[in-house]
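Listed here are the chains, written in short residue letters.
There are 2 protein chains.
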Amino acid sequence: MDNSLLPFFRPRGVVVIGASTAPEKLGYGVARNLVQGGYAGAIHFIGQRTGTLFEHPLYTDLSQIPDPVDLAILIVPPQATPQTIAVCGQRGIHAAIIMSSGFREVGEEGAALERQCVEAARAHGVRLLGPNCIGTLDTHLPLDTTFLQPPMPAAGHIGFISHSGAFCAAIIDWARGKGFGFSQIVSLGNQADVNETDVLPMLAADEHTRVIVMYLEGIADGQRFVQIASEVTQRKPVIALKVGRFEAGQKAAASHTGALAASDTAFDAAFYKAGVLRAETAEQMFDWARALENCPLPRTSIRLQAATHPSVQGGIAILTNAGGPGVIAADALEHHGLTLALLGESTRAALSAELPPAASVRNPVDMLASASPAQYATCLNLLLADETVDGVMVILPPPPMFKAEDIAEAMIPLIRASDKPVVIALMGSTLVETARSRFENSQVPIYPFPERAASALGALSRRAEFIERKRHEEPQSILPQSFRLRGSIDDLLLEYGIPTAPIRLARNADEAATLAEELGFPVVMKIASPDISHKSDVGGVMLNLQNQAQVREGYARMLERVCAARPEAQIDGIHLQRQIPQGQEVIVGMVRDPQFGPLMMIGSGGVEVEGLKDVAFGLAPLDQAEAREMLRKTWAGRKLRGFRNIPPADEESVVDVLVRLSHLSMQNDDIAEIEINPLRVLDRGAVAVDVRVQFGSFGGSHAS
Amino acid sequence: MDNSLLPFFRPRGVVVIGASTAPEKLGYGVARNLVQGGYAGAIHFIGQRTGTLFEHPLYTDLSQIPDPVDLAILIVPPQATPQTIAVCGQRGIHAAIIMSSGFREVGEEGAALERQCVEAARAHGVRLLGPNCIGTLDTHLPLDTTFLQPPMPAAGHIGFISHSGAFCAAIIDWARGKGFGFSQIVSLGNQADVNETDVLPMLAADEHTRVIVMYLEGIADGQRFVQIASEVTQRKPVIALKVGRFEAGQKAAASHTGALAASDTAFDAAFYKAGVLRAETAEQMFDWARALENCPLPRTSIRLQAATHPSVQGGIAILTNAGGPGVIAADALEHHGLTLALLGESTRAALSAELPPAASVRNPVDMLASASPAQYATCLNLLLADETVDGVMVILPPPPMFKAEDIAEAMIPLIRASDKPVVIALMGSTLVETARSRFENSQVPIYPFPERAASALGALSRRAEFIERKRHEEPQSILPQSFRLRGSIDDLLLEYGIPTAPIRLARNADEAATLAEELGFPVVMKIASPDISHKSDVGGVMLNLQNQAQVREGYARMLERVCAARPEAQIDGIHLQRQIPQGQEVIVGMVRDPQFGPLMMIGSGGVEVEGLKDVAFGLAPLDQAEAREMLRKTWAGRKLRGFRNIPPADEESVVDVLVRLSHLSMQNDDIAEIEINPLRVLDRGAVAVDVRVQFGSFGGSHAS
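Residue numbers (numbering that gives the first Met the number 0), protein chains in the order written: chain A, 0 to 703; chain B, 0 to 703.
Only chain A is shown next, with the shape it has when bound in the complex (with noise of 0.2 Å):
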């Protein structure tokens, strides 16, 4: 946490600079928010004239203001801008939040205003948001600092930070009308000085937040971002909405992994690997945020249960009073990666004794039409106390022969003292009006379809996991000390441990036999010559050669064969390769994103691995957890465990490989992109067969 943020959140007084007695003013609308908003501390207004507004004296020097005043908030010309954080610094003023437009995003006259603002906050110890920002809300201290129309939002339990005021303004208008609240809102604008890594921990460090959504239109510095996002997410879940992907569009790349990698693949691994879910739509985030807001985590996910409580199946609920919206309820666990629970055997005995012979009690549990609210508190809580069950999904259409909310109130405090997560799939509109309300009262999350109760399940099952994943971290495996590139790629691989099959010229029969004693029995031989690109027609291709002897007679032998056939050619020597045995072949990879550093690929290789686009990307450095995840996302790694009459080859040796580019890449940020296709893999063991290196933006490309 950043302690010259502080004032921003924490400001024992405020003063508005540009306050107005006009209404359609911003000036005007902030000095209500701030007065109306009812902050506590000191509030003091500058504006073009003597006067008083809402109640306080209005001035019109910042000299004539008495202490304390932290943060200031300016609404002043862009032009006068600068001068005005200047005096700001002058008086003591460490925070100012620039409000105006026609900075940056204007154009080049407005770029170098912003340039001039940040100079002066430089230059006197100022920090600043926006400009052209909305500001800032905290509705538990409480501070709005924006010109919104009022009232204020719900205090709830949302920290929200975006990048887009206007995108702030319509979400806070839209979750007044669904009945959810916010902890803190922050607008960050232009972001000439603060940016959304800078206040992500400020929100972490509020109390009163238990879940971060933020908008974000890009990321000022990737790495950074990771390693704080990183830590933030051990302590609370952040979940992120990145757009602008169709700004993006493909890169040229010198290499497969290059192409393959669009620049949002960088978002993705980053964000999965400080631990950040990323929703898809505007709406699944704050879906998503509500239930972390307030449900209890599920136990952690099925698989990571397996290994220690392997009798234990564990799932998810459903309860019903009608088959259509279970059925729908199922499908949607499905398809967000949950499995039903099974249900144990009382459970189901209780269930059949509470209700009529025609209900369902296998999962989905289907109460029939005729569930009263009596029978919608029995059955949850039986659900809740079955050990099967991770979390329920209640499905809630409007019941024929009950009202809603009588529903709702026998299943709130069961929900409430619960410490597995419930949701509920509240169907309808006017039937269900005040069911609604009794939920959104208590801080129950609804949704009005299955599906959507389901997604917000999946988000609360994959942060469960990823706390689960982070317990059992493995410590990173011990790797060479910063290695600067010299000597060839082969020399660089070799360092990190990674095991290659290095081509080398002969110009005669005895530095073949060294060079063959060097790379390791046994070896091929293939002529070297460029007049002559089908090399076995000619007789220029020998195999499996075990010793010295039979080196330095292939190299005769070979000679005079290939200048038998081919008298013309120029023949500048012999190459020699250690023959490496037959295996599998993955790619492995790296390109270097310039936000967020060495992005790895691993996946099926060959020429054709651009169209099979079977990879995966994960972000560096890797360690064995991480590579493991990324070799089962690919079908080529998949297989090295065995497939049919596909033998298994030594999966490990590529999680290694993998792991060790991973710090290589971390070591040599002159490597803009390197590419290991293919990578054989054997029984044990893997060996690099094919490299090929980019160097730096400007560099060449070099193959070993």
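Please keep in mind that the hints were generated in silico from the structure rather than gathered at the bench.
Mixed in with the good hints, there may be bad ones.
Just so you know, same-sequence chains aren't split out, so a pair can sit in one copy or run between any two.
[Said to hold, decoys possible] Result set (DSS-like, lysine-lysine): computed pairs, CA atoms no more than 25 Å apart in a straight line:
(1) K402 to K24
(2) K177 to K402
(3) K632 to K24
(4) K469 to K612
(5) K235 to K469
(6) K272 to K177
(7) K469 to K632
(8) K419 to K177
(9) K525 to K419
(10) K24 to K177
(11) K272 to K534
(12) K469 to K272
(13) K235 to K177
(14) K419 to K469
(15) K632 to K612
Please arrange chain B on chain A, whose structure you already have, making use of the hints.
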């Protein structure tokens, strides 16, 4: 259209059998809705006692009721239902809605009663809807046969067919809150008689129905559904939500094709073939339906357009007053397969003249937060007039300086008058409440977020593409008449014009020479011995034999060599096969779906086909266009056009094989699965190298 179903939809008189004066009874609710719903035909009630109900006489016997009466609503105990159906038939009532539950859904006893209902109905010429359904609704006639709480849903143009009554009830209430209505609703219940395919043409024939949505838990007769739905979708859009995937699981299958075709794959292929849009969620189904109900279709898709008007690059325009939501919209449009319109020079100039300098006049068009009602209207008009614009998404978050409803009012006349679709992302809640009503009352589709608006535009675009595709449909190629399986698989494939490479066994040199002549030169010879697995190691393989003399000589030489190497081995003779040149390889297969018939597959073959999952499915019979579309969905298919150093192969020959195999599959229904793996694709033509067939459900496997 089936005229026997007309009494359900246009009855001259209706009788409720089981009407009740007790408000908690279904028979009371049905009577109430029939009367209060405004049905103009004759209404009659039969109850247990005489009296009056909603000012209509209550009779105790059907014979007391005057004509006309075409439709009976039965709310009688299950045990009494078969007899009541018989009485209805005798009385000349040929349509009955059975609302009661207690039939197939409760077990074997109920199922027996349901069968008795069907027998009684058949015997007396009565069609049945239900049992265990909530009836029908027609908001225009009007006619409400349900027992749901009033009011009836608003009149609209969406026809709704549902397998779940509870889902109907929840959706009716939800739609009321969302401000949209329905033309007709049919709850199908257990479908003892009338099913989803029966009612589909009835709704299609309804003048008030513009779009049909179907909630399906299965399909009674897959092939009939595809046939009927294909006719309906020529005239009206149909959207389906098919649930119950989680119950499906993988079936045991003899071939890769079978293993890869999850049972839900057949539904995908069937909906695609029938032109039915498949929604992923309930909310999406109605998001799409509201757009299809109220919007003109966009001009046909970019891809189809490009052929005829290569100069016009069409797409969607985004009009917004804020950058962030505009970026969200652009991402979402791309996600749904749509492109952004480029906008003409003159449009951009006109937008510039209208908007402040900081506004963006490139797509997304960002008018800035100050955008007035007049600016929204003028800019929308400019976009609609631009020939590069196929449709518009207008984004309206709470405008800081104007009322959202004034902006709505300014745009509505333009939207109603336009022949291009316009959808609104109306973001917020209380601040846009009045605007929401304005749009709803004018049948302009609104969505709470740009992502959902984009999804709706995607559905409009797919509908337009489907209509265009149908317009350009190619005539079916001429194929052999029905052909019953006789002789070998090779013969059958050849009969359908699919080239194979049969293997023949020769027992002596003369026979080998004759067979080779039959097969065509060059040929390959392989030793036929159960004891020898690595044939080439013992000289048991000869390639490229060009004539009978070489075959004769080769036969003798191979026997000699093999006998010398493996004197103990049993030798059956020598296998001959025409030698097929190298080429690309694909898998082509069929698995017969129990619902929809032959499901065709194409993709990357080999032993890894199940792992790579680079396959696409389509429902037989395929035409050339459908087969080509399947090829384009797979890497194996796309690669036939050549890729990097992989030369192109004869793509059209694969299309041809796929089409022919689909016809073979249609006409030989004793074949359960057939798989060509590989089909080798040459410069010209393609050859089935290996073919496997699975007969019937009980038959064995047969390899060529």
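Problem set entry | Status of K272 relative to K469 across identical chains (alpha carbons, at most 25 Å) | Close inside one copy (11 Å), not across copies (47 Å); limit 25 Å.
Exercise. Between K525 and K419, at a C-alpha cutoff of 25 Å, which is it: within one copy, between copies, both, or neither?
Worked result: neither (66 Å within a copy, 66 Å between copies)
Exercise. Is the C-alpha distance from K632 to K612 at most 25 Å within one copy, between copies, in both cases, or in neither?
Worked result: both (12 Å within a copy, 13 Å between copies)
Exercise. Can you tell me if K469 and K632 fall within 25 Å by alpha carbon in one copy, between copies, both or neither?
Worked result: Result: close within a single copy only, 19 Å intra versus 39 Å inter.
For this session: Please work out whether the CA atoms of K419 and K177 approach to 25 Å or closer within one copy, between two copies, in both situations, or in neither?
Result: within (24 Å within a copy, 32 Å between copies)
For this session: Could you place K469 and K612 in one of the four classes (within, between, both, neither) given a Cα distance threshold of 25 Å?
Result: neither (29 Å within a copy, 32 Å between copies)
Problem set entry | Intra/inter-copy verdict for K24 and K177 if alpha-carbon distance must be at most 25 Å | neither (29 Å within a copy, 35 Å between copies)
Problem set entry | Intra/inter-copy verdict for K235 and K469 if alpha-carbon distance must be at most 25 Å | within (13 Å within a copy, 53 Å between copies)
Problem set entry | K272 and K177: within-copy, between-copy, both or neither at 25 Å Cα | The answer is neither: 32 Å in one copy and 40 Å across copies each exceed 25 Å.
Problem set entry | 25 Å Cα threshold - placement of K177 relative to K235 | within (23 Å within a copy, 35 Å between copies)
Problem set entry | Identical-chain pair category, K177 with K402, by Cα at 25 Å | For K177 and K402, both the intra-copy (21 Å) and inter-copy (21 Å) Cα distances are at most 25 Å.
Exercise. Are the CA atoms of K419 and K469 at most 25 Å apart within a copy, between copies, both, or neither?
Worked result: Within one copy only: 21 Å inside, 52 Å across.
In summary, the structure is inconsistent with hints 3, 4, 6, 9, 10, 11 from the numbered list given earlier, while agreeing with the others.
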